Structures are given as C-alpha cells and as structure tokens.
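Novice: Sequence:
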Amino acid sequence: MARWPSMAAGAALAAIVSCVGLLTSAVAQAPSGTVDISQTQIAFVVSGNVGSGTLHFGGRSYRFKIAGLGVGGFGISKLEAHGTVYGLSRVEQFAGAYGQLRTGIAVGDAGRGGMWLENTNGVKMNLRAKRQGLALSLGADGIVVQFK
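Just so we're aligned, residue 4 is where the sequence shown starts under this note's numbering, counting upward by one.
No wet-lab data here; the hints were simulated from the structure.
There could be a bad hint or two in this list.
[As the list claims (entries may be wrong)] Taking lysine to aspartate or glutamate pairs in the DMTMM-like style, the calculated list, with each CA pair at most 25 angstroms apart, reads:
1. 81 <-> 39
2. 133 <-> 83
3. 68 <-> 95
4. 151 <-> 83
5. 151 <-> 95
6. 68 <-> 39
7. 151 <-> 39
8. 133 <-> 39
9. 68 <-> 83
[Claimed, not checked] Per label pair, the in silico range of CB-to-CB distance:
10. 47 <-> 94: 32 to 40 angstroms
11. 47 <-> 92: 35 to 43 angstroms
12. 147 <-> 62: 22 to 30 angstroms
13. 48 <-> 151: 26 to 34 angstroms
14. 79 <-> 147: 14 to 22 angstroms
15. 33 <-> 150: 18 to 26 angstroms
In this text the structure is predicted, and so the values were computed from the model without any measurement.
Even glycine gets a Cβ: it sits at the ideal position worked out from N, Cα and C.
Based on the sequences and whatever the hints tell you, model everything.
Specialist: As structure tokens, then:
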C-alpha cells in the first residue's frame, strides 16, 4: 500500500517531463480536431480520475474512455471539458498514455480550470474545463485514453 504514493509521484513527474515544451510546440501547430470530455476526479494529495469523451476528427466522431493517477489537489469534482487537439494526422495516434498538467478550483457549481495533455505520439490537447464539487486542483497526472 505504501507504494501508491511513490507510484503516483513517479507518474506525476513523468507527466511534467513529457509536457516540457508543450505550450510552445502546440502554438506552432494548426488544430487537428476537437475533444469533449466528462470526468470525475478525486484527490487528497494523490489523485485519481475516470471518465469518457468524444474526439471530433476528420469529419467523424470517436468515443473513448479515460482514466489516470497523479499527484496534487484536494477534494472531489465532476469535470466537463472542451478543447483543441494538435499534432493528430491519423486517428490511431490519439489513443495511448498522456501526461497531464492541470489547474483549477471548484466550489459548488462555480468552477473552472485548464489542462494540457500530451501523449507519446506527440498528440496534444488544450482543454478548458468547468468543474462542479469542492476541490482545488494543481498537479500532474498520467492518463490512459482508449477507444470504446
């Protein structure tokens, strides 16, 4: 049981390392598509999240599920996010492991936040989130995206 905090810390560190240069490289790319995500996050230093979403790419929509572990934040929140996808040339590049940097706050139904994610294929997502619940979110996660 004592291994979970160190594993989550390792996942968070990997997320931060994988997101280095994310902002500048995404700005240099044209958008590839959009994404909508619905997710629940629980955090008490170590965080966990689970949810689903839809990728809109090449005139089609693709349903996926999302789950992950990380470090940072306190509370429980429900997140609805919409964002832009960069660096995607084939739909197969979207699924996989992502590193995520996140910030946000939720008090009741008045919450907002933002997230940057990047996977091992170089696909990046910039998400704007609306949160509900009671939570402070500032941290990093390792996330896995799989098509349904």
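Novice: Need the list of violated hint numbers for this structure, in ascending order.
Specialist: Per hint list: zero violations.
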